[in-house]
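Student: The lines below spell out each chain.
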Amino acid sequence: MELAITILLFLALVSCAIAIALVRNLFAVVMLSGVVSLLAALLFIVMDAVDVAFTEAAVGAGISSVLMLGTIALTARNEKVPPRYSLVPLAVVSLTGMVLIYGTLDMPNFGDKNAPVQTHVGPSYIERTPKEIKVPNFVTGVLASYRGYDTLGEVTVVFTAGLGVILLLGGLGKRRKRRRESN
Amino acid sequence: MDSLFNTEFALGHMNYWLFVILMMTGLYIVVARGNLLKKIVGLNLFQVAVFMLYISMGKVAGGTAPILVDNPDQAYSNPLPHVLILTAIVVGIATTSLGLALIVRINETYGTIEEDEVLDIDHDMYSAEVAEMEKFKLMNAETR
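These protein sequence lines are chains A and B, in that order. First residue of the first sequence: 1, per the numbering used here; consecutive thereafter. First residue of the second sequence: 1001, per the numbering used here; consecutive thereafter.
Please keep in mind that the hints were generated in silico from the structure rather than gathered at the bench. Even glycine gets a Cβ: it sits at the ideal position worked out from N, Cα and C. Heads up, a few of these hints could be off.
[Unchecked claim] Only some residues are given here: those of chain B computed to face chain A with a beta carbon under 7 Å:
{"id": "1", "residue": "Tyr1016"}
{"id": "2", "residue": "Val1030"}
{"id": "3", "residue": "Ala1032"}
{"id": "4", "residue": "Ile1055"}
{"id": "5", "residue": "Val1060"}
{"id": "6", "residue": "Leu1080"}
{"id": "7", "residue": "Thr1096"}
{"id": "8", "residue": "Gly1099"}
Please model the complete structure; the sequences and the hints are all you need to start from.
Tutor: Following this line, the structure appears as C-alpha cells:
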C-alpha cells in the first residue's frame, strides 16, 4: 500500500517536473513548483518525516512561491525563447543519472533496520531526548538542543542571504523612477 | 549482475532510483532551459530530490514518526536526517531568494531574463569595446 502511494505521488511529481520544462508561461511554472512542494511534503509524511513535511509545505509552497511571483512581477511573464530540443543536455543528464543509480547499488535496502544510518548516533538521540531534554518530539530535541549550533549556523546563512538581497535590490524603486524620468 | 533482478533488492532500491529520475529532470531544466527563473525552479526540483534521498535513508520499516508514544517497544524512524533536512530547506530558501534577487538585478541592467539574450548583449558590448580600442590605437599611430 505504502509503495503504491509512493509511486503515485512520485508519478505526479515527475509529471509536474516535465510540465515545468515544457510550459512557457512563467506564472504556470511558479504554480507548478508550488504543487511540486506540496506533493513532496506528502511524500515526506509517507516516509515518517512530519516536521520536514510541514516545513517543506510552508517554505516551498508558501514563501518561495511568493518570492517567485514577486520576481515575475518585476521582470517578465513569459519565457521568450521557444524550447530547443538538443540532444546534448539529454545525453549528459542520462549519463549522470546512470552514474548516480550505479552509486545506489551498494546502499542498504529502504527501511533496513541494520543500515549504518540506524546504528550510529540516531538511537542514542532517541534514547536520551525524553530523559535529558524532556520534549516528546525527538527532532525538536536534536534541532534545538543537541545540535543547536547547527541552527545558529543556519541563522547566520539566512542573515547573510538577507544582507545580499538588500545590497542587490536596495534603491531599486529609486533607480526605476530616475530612469523613467530620464526617458 | 544477478542481484539486479532480485525483487527484494529492486523494491528496496526503487525509491532511490525514483529520486534520481526526479533529480535528473531538475538538472535537465537547469542545463537545457535559457530562462533564468526556470533555472531556479529546476535547481529547487533538484534540491527536493536530494532531500527525499536523505529522508528515505532515515526510514525504518515498521517505525513511526520520531515523536514519543506510550508504547516502549515502538520503533522510530531516525530523527537525524530530518534535522539535517530541516536546516537544508531553510538554507535552500535563502539561496533561492538570493538567486531571485540576482535575476531582478540582471533584468534591470540587461532588460531580459533570457540567458541567450544576456550573452548576445555581452558579446555586442565586448565587440564595441574592441572596435573603440582599435580606433584609439590607429589615432595614436597617426599622431606619432
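Student: State for each hint whether it applies.
Tutor: Hints and how they fare:
{"no.": "1", "hint": "Tyr1016", "verdict": "holds, 4 Å"}
{"no.": "2", "hint": "Val1030", "verdict": "violated, 9 Å"}
{"no.": "3", "hint": "Ala1032", "verdict": "holds, 4 Å"}
{"no.": "4", "hint": "Ile1055", "verdict": "holds, 5 Å"}
{"no.": "5", "hint": "Val1060", "verdict": "holds, 6 Å"}
{"no.": "6", "hint": "Leu1080", "verdict": "holds, 5 Å"}
{"no.": "7", "hint": "Thr1096", "verdict": "holds, 6 Å"}
{"no.": "8", "hint": "Gly1099", "verdict": "violated, 9 Å"}
When held up to the earlier numbered hints, the structure conflicts with 2, 8 and fits the remainder.
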